[in-house]
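Given the coordinates of chain A, assemble chain B onto it according to the supplied hints.
Number of protein chains: 2
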Amino acid sequence: MFGARCLRLVLRHCSSVPCPKRVVSPKVLRVEEALEVKEPTGQDIKVQGWVRSIRSQKDVLFLHINDGSSLESLQVVANPRLETRELTFGSSVEVQGKLTKSPHKRQNVELAAENIRVVGSCDVSTFPLKYKTHHPLDYLRQFPHVRCRSNVLSALLRVRSEATAAIHNFFKDQGYIHIHTPIITSNDCEGAGEVFQVEPAKWERKPEENPHFFNIPAFLTVSGQLHLEVMAGAFSKVFTFGPTFRADNSQSRKHLAEFYMVEAELSFVERLQDIMQVMEDLFKRVTEMVLSRCPHDVELFHRRLAPGQEAKLEQMLKSPFVTMSYTEAIDILKQTHQDFTYKPEWGQDLQSEHEKYLLQHCGETPLFVFNYPYDLKPFYMRDNEDGVHHTVAAVDLLVPGIGELCGGSIREDRPDFLQSRLQRCCETEAVIT
Amino acid sequence: MFGARCLRLVLRHCSSVPCPKRVVSPKVLRVEEALEVKEPTGQDIKVQGWVRSIRSQKDVLFLHINDGSSLESLQVVANPRLETRELTFGSSVEVQGKLTKSPHKRQNVELAAENIRVVGSCDVSTFPLKYKTHHPLDYLRQFPHVRCRSNVLSALLRVRSEATAAIHNFFKDQGYIHIHTPIITSNDCEGAGEVFQVEPAKWERKPEENPHFFNIPAFLTVSGQLHLEVMAGAFSKVFTFGPTFRADNSQSRKHLAEFYMVEAELSFVERLQDIMQVMEDLFKRVTEMVLSRCPHDVELFHRRLAPGQEAKLEQMLKSPFVTMSYTEAIDILKQTHQDFTYKPEWGQDLQSEHEKYLLQHCGETPLFVFNYPYDLKPFYMRDNEDGVHHTVAAVDLLVPGIGELCGGSIREDRPDFLQSRLQRCCETEAVIT
Chain A
153 MFGARCLRLV LRHCSSVPCP KRVVSPKVLR VEEALEVKEP TGQDIKVQGW
203 VRSIRSQKDV LFLHINDGSS LESLQVVANP RLETRELTFG SSVEVQGKLT
253 KSPHKRQNVE LAAENIRVVG SCDVSTFPLK YKTHHPLDYL RQFPHVRCRS
303 NVLSALLRVR SEATAAIHNF FKDQGYIHIH TPIITSNDCE GAGEVFQVEP
353 AKWERKPEEN PHFFNIPAFL TVSGQLHLEV MAGAFSKVFT FGPTFRADNS
403 QSRKHLAEFY MVEAELSFVE RLQDIMQVME DLFKRVTEMV LSRCPHDVEL
453 FHRRLAPGQE AKLEQMLKSP FVTMSYTEAI DILKQTHQDF TYKPEWGQDL
503 QSEHEKYLLQ HCGETPLFVF NYPYDLKPFY MRDNEDGVHH TVAAVDLLVP
553 GIGELCGGSI REDRPDFLQS RLQRCCETEA VIT
Chain B
153 MFGARCLRLV LRHCSSVPCP KRVVSPKVLR VEEALEVKEP TGQDIKVQGW
203 VRSIRSQKDV LFLHINDGSS LESLQVVANP RLETRELTFG SSVEVQGKLT
253 KSPHKRQNVE LAAENIRVVG SCDVSTFPLK YKTHHPLDYL RQFPHVRCRS
303 NVLSALLRVR SEATAAIHNF FKDQGYIHIH TPIITSNDCE GAGEVFQVEP
353 AKWERKPEEN PHFFNIPAFL TVSGQLHLEV MAGAFSKVFT FGPTFRADNS
403 QSRKHLAEFY MVEAELSFVE RLQDIMQVME DLFKRVTEMV LSRCPHDVEL
453 FHRRLAPGQE AKLEQMLKSP FVTMSYTEAI DILKQTHQDF TYKPEWGQDL
503 QSEHEKYLLQ HCGETPLFVF NYPYDLKPFY MRDNEDGVHH TVAAVDLLVP
553 GIGELCGGSI REDRPDFLQS RLQRCCETEA VIT
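Note that the protein sequences, when read in sequence, are chains A and B. If you want my numbering, it's the position in the first sequence, counting the first as 1, plus 152. If you want my numbering, it's the position in the second sequence, counting the first as 1, plus 152.
Hints are computed from structural coordinates only; laboratory data are not their basis. Take the hints with a grain of salt, since some may be wrong.
For chains that are exact copies, the list does not tell them apart, and a pair is met inside one copy or across any two.
[What the hints assert, rightly or not] Computed cross-link-like contacts, DSS-like style, restricted to lysine-lysine with a CA-CA straight-line distance of at most 27 Å:
{"hint": "1", "residue 1": "K324", "residue 2": "K190"}
{"hint": "2", "residue 1": "K354", "residue 2": "K406"}
{"hint": "3", "residue 1": "K324", "residue 2": "K198"}
{"hint": "4", "residue 1": "K354", "residue 2": "K529"}
{"hint": "5", "residue 1": "K210", "residue 2": "K253"}
{"hint": "6", "residue 1": "K529", "residue 2": "K508"}
{"hint": "7", "residue 1": "K436", "residue 2": "K324"}
{"hint": "8", "residue 1": "K253", "residue 2": "K282"}
{"hint": "9", "residue 1": "K436", "residue 2": "K470"}
{"hint": "10", "residue 1": "K486", "residue 2": "K529"}
{"hint": "11", "residue 1": "K190", "residue 2": "K257"}
{"hint": "12", "residue 1": "K179", "residue 2": "K470"}
{"hint": "13", "residue 1": "K179", "residue 2": "K250"}
{"hint": "14", "residue 1": "K324", "residue 2": "K179"}
{"hint": "15", "residue 1": "K179", "residue 2": "K436"}
{"hint": "16", "residue 1": "K508", "residue 2": "K257"}
{"hint": "17", "residue 1": "K257", "residue 2": "K284"}
Extracted from the complex, chain A is given alone in its bound form:
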């Protein structure tokens, strides 16, 4: 490996270890790569992965090998004499052989094994995953060290990995600069209360010394927005995609102590439509990328976890999203005969039941609701100065099955508006969130 031989000629004085011999060995392919070979020509390859199934017949031994690169496994066909006691379900193996056309309909290629080496054995009696068993998520939860070998969780993480890459590429292609906003910070973007505080685990200070490691109290970030706003003042278009933290003491599917958030700030934007366009493009491009890069994984979710969503998703990608002002939304909610737990009222937040009704009303397609009441939104959103029904230039994207997926606003850029609003906030001693 790595040209050590020619190196020695140049830097003979540097090294006196014997040079590693260059071994000509078959090309190692990932299972995904092997499965993508359209016209196999019996090329000599090597595949490394875990045994997903083993079926021994009189004349032939069938294995399925999965290495996590795809949901699909590669079928290995071998002479039964290659079977050993250690070759079991769950063991890790290296199979060398010839990649050939498969006579079976279910797969295009298979690997005719010439050698099977068990790299790591597996005691099937104690191994948490069982052959041909559909393990429920509650069961898998107990085994963090092997649960990602299950189809559902490995598909989930492959999709997440693709979505992460698609998000980075979306912004990069449009000229955004990526910023790592600070994780430990003294700034609290959303208003105090539900933040984590950070100090060294072992930390002994004398009474006369400053009690804080950073000299001031330091917290885990709840949003990189304020840092990004500063950066937008130098780079015009910036984004971040990092962990954020909330110390909410509630256990629900919607409250996580640690989660990842995409945030972007754009300078010179004066219309809410331009922000909606970025959100819509981001949603569509990332979704399309995941659908095209992980077709098998997505199909698994459509089959097992979210039946009936496929057509809806396609529809969302095809049509432009719907837009509606908050005031219209309230009018629609008031006109319906549906019973809500929370009565819709101008000036009140939209509840999940309201969002759900609005999405239904619009044909189960993503919906932008814009121009929210001034008193519901944080101080940094731009005042629309629109009289009695006083609103700010904010927008939320509601998505069927989820509710609010993202939100944004035109930032208040008039210093006098900001100052008088901040003063009002301080006077009422209520930081609006």
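Frame of chain A; chain B shown alone:
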């Protein structure tokens, strides 16, 4: 924007707001895009950014506009009647006009302005950045809200953004799955002591309740390695690129409380050379990408901050890296007549002065040092079982001007070795780091 008109035909019942009129406006180009136009044809464009210089002559007004998309600014040529009191150095503007060939040698294109709108004014008397002034970093440090408009810091963040993208793409192209390893964790990869602990800022528990938010003490991650190792057992090749934290109470250029680290784990790797190959490829590919994507930014660093590095960097990219065992390295250090503060001795860590000498000795090219003493390295590195000079299969990459840039090892995969080593660690009550 965004096809609201055709939408209304489909979903007439949804919306009663007047449709925004579609305004035909000139295309907004980033400065970088405008500068890249090879053959300008007088196309009507708009540029938004900050005024970097303003020079008013009798018949012509020259501006330089920068929007952070590139180090270079775009020259704007205008009729002096377009000058207003608010059009100053530091103000943000929107310039509309025709992109034409520039008669000057220094730039290929310039913008013949037809309209200049000041978006945000700037009081030059109080603005921290001054026209035609080279601000030292110590000065810029005081103004976090505008310092990134300086050439050096904006170049630095553009390079960081490109490097981030290149790192993601490098691993993605080679079939690695990206994993977001947990930031808040109870696992301490590198040994206890210098970690940050996390609890909610407002946290009152009754004495009979568990004192910890997560029921156990929780820390900020010092490394995602152990989580990645688990993932490598399902996906074969995984990587993460996230924030890590150390509560080192020392102020130096090498100790940060928060920094970003690239980590990768590969299953089925049995030779250190394969790990070195990944490190070398990563270094070279990311460096090449930054050099090709940010030529002006890199040139600024070569000119102002690191003169004489350009040729050295090119040499590093062209040649294969040098490899040398730790034992050889100690022999070389012992044979030299150079005086070291720390006497080189087998079994002792390489100090900065030793690394520097070795790099010089090898011709200022990146150097892999491998097979380190067993007692210097953590428990998870593979025992080479090589007798008196007992080593593990670990490798560090030393780079001129930096020192250790990355490290890795073959992981110990034999349960009995791990168990006996862990037992030894517990007995001596010293977790080796």
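We went through each hint and held it up to the structure:
no., hint, result
1, K324 with K190, "between (32 Å within a copy, 22 Å between copies)"
2, K354 with K406, "between (33 Å within a copy, 21 Å between copies)"
3, K324 with K198, "between (36 Å within a copy, 21 Å between copies)"
4, K354 with K529, "between (40 Å within a copy, 24 Å between copies)"
5, K210 with K253, "within (22 Å within a copy, 79 Å between copies)"
6, K529 with K508, "within (21 Å within a copy, 56 Å between copies)"
7, K436 with K324, "both (16 Å within a copy, 21 Å between copies)"
8, K253 with K282, "neither (30 Å within a copy, 70 Å between copies)"
9, K436 with K470, "within (9 Å within a copy, 41 Å between copies)"
10, K486 with K529, "within (22 Å within a copy, 68 Å between copies)"
11, K190 with K257, "within (14 Å within a copy, 53 Å between copies)"
12, K179 with K470, "between (42 Å within a copy, 25 Å between copies)"
13, K179 with K250, "within (11 Å within a copy, 55 Å between copies)"
14, K324 with K179, "between (34 Å within a copy, 19 Å between copies)"
15, K179 with K436, "between (37 Å within a copy, 23 Å between copies)"
16, K508 with K257, "neither (44 Å within a copy, 61 Å between copies)"
17, K257 with K284, "within (21 Å within a copy, 72 Å between copies)"
Hints 8, 16 from the earlier list are contradicted by this structure; the remaining hints agree with it.
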